[in-house]
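K.L.:
Protein sequences appear in the order of chains A and B. Going left to right, the first sequence walks through residues 257 to 427 as the numbering used here numbers them. Going left to right, the second sequence walks through residues 14 to 114 as the numbering used here numbers them.
Rather than coming from a laboratory, the hints here were simulated on the basis of the structure. In this text, all values refer to a predicted model and were calculated from it rather than measured experimentally. One or more hints might be untrue.
Here are the simulated distance ranges between beta carbons [claimed, not checked]:
#	chain 1	residue 1	chain 2	residue 2	range
1	B	Lys-76	A	Asp-342	34 to 40 Å
2	A	Glu-326	B	Gly-55	25 to 31 Å
3	B	Thr-105	A	Gly-380	31 to 37 Å
4	A	Pro-306	B	Glu-94	21 to 27 Å
Just so you know, even glycine gets a beta-carbon here, dropped at the ideal spot from N, CA and C.
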Amino acid sequence: MNRRQQSEPPDLAVGYMERTRKLYSSQPAYRWASFDPESEPPPFTPIAKPLSSLRIALIASGGVYRKEQEPFHFRNDTSQREIAIDSEIADLRVSHFGYDIKDAQLDPGCVLPLRALRELAAEGVIGSLVDPALSFMGGIYSTRLVGEEVAPRFLDFVLRQQADLAYLVPA
Amino acid sequence: MLEAAGIPTLIMTSAWDITRALGPPRAAFLHAPPGHQTGPPGDLLAQREIVQAALEAGISIEKPGEIVDLGIAWPRDPGWEERAYAAEHVETDPGGKPKRN
C-alpha cells in the first residue's frame, strides 16, 4: 500500500480525463469537476470504531439488478435497486452502457462484492454488512439529478440502516 | 453529502485523475480495467483481498481528500491500459461519436 502526495498519480494509472477528451472530441468538451483538497478540504467525518466493529453499507453503481427486477435504462436512469446480500450470481443481471459488462455478467462480484463482504463479516474482519446492498447505474449525465434525487435517497438509506460507513464502489 | 451529514464514506476507484478532480473525503485506488473495481471475475480470493485492503486503508485515512493506492497488481489482460477508453480502440459512428457497448 502506498500513500503519496495528493497530486501524484501512480505511474501506471490511466489518464482517463485526457482519453475521454480525445474519445469524445467530436462533442462539446465535458465540464469536469475540479476540486482542490489542499485549499478546500472535503467534509470529513472521523471513523470512531475499528473495522471489526463497523456496520458497512455497500452502494455500487455498476448497474447490477436482481433477475426479477427491472433492468436499468440509459436515459439518465436515477433509480436504485435493493440487492439482498445473499443473492447468488445466478440471481443477478447487469445493465450499463459505460463499461464492458462481460466480466460483470459472468461474476457480478467484480463490481458488487457481496460474497467477499459477507465472508469478511462472517469472519469478523468487518462488524456487519447492511442488508440490502444498494445498486444503481452510474451512467447519469445530469449532475443536478444526482444531487437532487440520487444522493438524498442514499443518505436516507444509510441513516435508516444505521451504517457506520458507506462503501461506494463504481464500475 | 453523506460525509457532511455525519456518515463516513470510502469510495473505490480505478481512475486516479477523475477521483483527484472530484476530491472525495477518502478514496482507495486499485489499478484495474474498467468494470473490475473489486476484482477479476470468478476469483473470490482476489475480491476479498481487494475489498479488505480497501477498507483497511480507507479507515486509516486521516487527511481529508487522501487517495490511497492499494498497490495490488493486476496481472491479467496485458495491454489493457492502452485500450481503456482510448479513442483509437473504440468504434465511432459516422458523426464521430463513440458507439456504446
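K.L.:
List, from low to high, the hint numbers that the structure doesn't satisfy.
P.N.:
When the structure is compared with the hints, numbers 3 and 4 turn out to be violated.
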